Amino acid sequence: MSDAATTAPLAGVRVANFGWVWAGPVAGQTLAFMGADVVKIESRTRIDLTRTLPPFGGGEPGPDRSLSNHACWAGNGSITLNLKKPEAIELALQLVAECDVVIENFGPGVMTNMGLGYDVLRKTRPDLVMFSMPAAGLYGPLRDVRTYGLSLTSITGLDSLVGYRGGPPVPVENAFSDPYNGIMGAFAVLTALFHRDRTGEGQHIDYSQAEAVMQMVAPAYMDYALNGRVAGPMGNAHPLGAAAPHGVFPCKGDDRWISIAVLTDDEWSALVGAMEGPSWATEGKYDTTAGRVAAADELHASLAEWTAGFDDRELAERLQSAGVAAAPVLNVGDLLEDPHYRARNTFIEVRHPLGFDETIYGKYVKTTAPTPDTRPGPVMGQDNERVFKDLLGIAGEHFDNLVKDEIIY
Amino acid sequence: MASAALESIKVLELGGMVSAPFCGKLLGDFGAEIVKIEPLDGDVSRGWGPFPGGQPHSEKSGLFFALNTNKRSVALDADDERAAPAMDALIGWADVIVHNFLPGRAEALGLTFDRLRAANPDIVVVAITPFGSSGPYAAWKGYDLNAFHLTATGSRYCGHAGKPPLEHGTFAADFYGGMTAATWGLGALYGRSRCGAQSLDVSCAEAIAATFVGGQNIGGCAQDGRFEKRTGVGMPLGAPATILPCKDGHVWMLALEPGQWNGLARAMGEPDWMQLEMFQDMFTRAQNSDAIYPLIEEWTMQHGKFEIMEKCQAEGVPVTAVFTVAEAAEHPHLEARDFLVELEHAELGTVRTLGAPFKFPSCPGGPTRPAPLLGEHSAEVLTSIAGLSAAEYEELCSQGVARGVRQGGTQ
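So the sequence lines, in the order shown, correspond to chains A and B.
In terms of this note's numbering, the first sequence is residues 1 to 409.
In terms of this note's numbering, the second sequence is residues 1001 to 1411.
Hints listed in this document are in silico derivations from the structure and should not be mistaken for laboratory results.
Be careful, since some hints might not be right.
Said to hold, decoys possible - Pairwise CB distance ranges, derived in the manner of DEER restraints: (1) B/Arg1226 <-> A/Ile348: 42 to 48 Å; (2) A/Ala5 <-> B/Gln1055: 55 to 61 Å; (3) B/Gly1053 <-> A/Asp297: 20 to 26 Å; (4) B/Gln1280 <-> A/Gly393: 49 to 55 Å.
To be verified - Result set (DSS-like, lysine-lysine): computed pairs, CA atoms no more than 30 Å apart in a straight line: (5) A/Lys285 <-> B/Lys1163; (6) A/Lys404 <-> A/Lys85; (7) B/Lys1163 <-> A/Lys252.
Predicted, not measured: the structure shown is a model, and the values here were computed from it.
By construction, the Cβ of each residue, glycine as well, lies at the ideal position given by its N, Cα and C atoms.
Let the sequences and hints guide you as you build the complete structure.
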């Protein structure tokens, strides 16, 4: 831990994270995983919604006990500042002066209205990298569009592609775009740090979450750009219709499924071999990709009849040994038991400062560089003394008064 | 004009399809120099399309175009030992090697960390695989769909109960893994003066299983042994929060907080039922969703999606139209932001492709050069960077180990 503070890839990079809910905190977390010192600025005057989400550690509600919050915010430190008070804004500016990076994911203009706009911040820290990540960017007709993380994808075209073929769009039931944008946000910050190190210049990054998500729409977008075709919900089909079978098929048990994707004729032969050459599969019409794609519905129905007799994991092993890309479709409960995720320490048990143990995700990219131990998301204000006293040099009595006056709050 | 942020970074990209190319594309958008090694018959995605008019042509894949702007293509049979001197020179040249080979294939190509580090003591090696380069499934063959459904995303969040879990209508796991690789790879490059050579093992499945599904679900599941599954409703515990049909498509109907619910009531003309006490909080509304969703739908079915969006947004309600891909692409917002970029391509003509994912006021970003033809830069790269003489390059070509552009591509 203390080693990583000086030897990790981002050791020495300090980040003030004004981010809230999910995407902003993940941007900070990503940098923290690689060794940056990240503190979130929050306040007891408006406790972040995600701190109030159950389930809670030990089943006991409290803003420092939300298990999902501790996973999604892991790596961030926390200081508490009541930014409605001018003295708190002054302290925030003092902190920013010591930081390389500021992260925020409010709507456009919110930081400016608080007195923390880029023009103000750059005066205190001229080479500051400020990262803003509103839904649709800092300017343009949709600048002020209101979305939630789970509906932001609707303005990118992505939601129109999700659902069963021929049916209406089916909503994705959580904000896939939030952690995606948090991690890509860290990419944006790093890119700006490269620029700063070469030129001495900071900048204000205009990150539109929608434009970042649109990168994922590329397959369907290019079909529109080249052919004017507008795709609808795709089920589990190959997004460009270039392969079949390509789907999720039932297995033995309740809600058990296997994913199978056949991209080449060799893989098709391997699948036919694993099925021991049933007549429906060997009559010729499925011998080519074009033939399989043209009759995909019928092919999928026949394949589903076959898979339904097998255990998902046994069948995945069997198909893998034959050279077919197949894997069990996991549910949330399976994640903790899955031997692959266990071997990779994807999920780790950590001790929270309040004394309970909880499971969060660990360093999900395995690297050879030294990196800090993963700690759960912060207790509110856990870094107050370190930041205000040690970093900003505020004397003990002054600090106590700031706490008493609910400025550090 | 200012120089690009990553212009000093040299990237050697191998593999194909989506994950490694997307990683390379993100680095290339901000000025990194990308040399892409393709097998002699090209990146697999050259065969996937979409093709103009649906006519397959190895130089006309739209997906390949979108993922490979700002890159140089070298067509080289890296398995052939006669390619080894050129490969070694490129490995020595690179700051970072990005590939998406399974561990066995990477080893066969000599792309192991130990060997690469011996050849280039400061190298950063980024391996992007469906499941990860270690662990029981490391050798498993997997495509995007297999990786995606190993994350529990479909089971938890996407589809109807009792029906198959769904992918996101794209290569969601490959995009997510490629993006994660770009971020962590850039972090590794940033710390190279301190950390030296580094190896990164990126699992597309693990990145999503951890940060998306794990973040929200794993703590409760581990503590209480309980977990949830997909319902087909956007937010089953609060309402309204789901996609509803309207006159000309669909809207994402969201009005959870009291102010939003009142705003929705104003947009809908203050119907009496919305004032009922039992409908004043999002939880009781959700418990009565069988009653309220049809009532809201009665209203949405009389209006267009953009009309509904505009009315609701004006009242402070976060309702949005479910944009089709065409509506997303043609929206004046993207035009005002110059998001889409037109580039000229030798076979495709003018292509309007997706721009950079974010804007840097102080330095340029985004696609400036079209995706390369297969082997378009073989001669240039192999004779300059890899140091072959023109004669040596010609010999590799005549031996069938390298190739330049073939006229007309392959049909």
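Hints and how they fare:
{"no.": "1", "hint": "B/Arg1226 <-> A/Ile348: 42 to 48 Å", "verdict": "violated, 20 Å"}
{"no.": "2", "hint": "A/Ala5 <-> B/Gln1055: 55 to 61 Å", "verdict": "holds, 58 Å"}
{"no.": "3", "hint": "B/Gly1053 <-> A/Asp297: 20 to 26 Å", "verdict": "holds, 24 Å"}
{"no.": "4", "hint": "B/Gln1280 <-> A/Gly393: 49 to 55 Å", "verdict": "holds, 50 Å"}
{"no.": "5", "hint": "A/Lys285 <-> B/Lys1163", "verdict": "holds, 28 Å"}
{"no.": "6", "hint": "A/Lys404 <-> A/Lys85", "verdict": "holds, 13 Å"}
{"no.": "7", "hint": "B/Lys1163 <-> A/Lys252", "verdict": "holds, 14 Å"}
Going through the hint list in order, the structure does not satisfy hint 1, though it satisfies all others.
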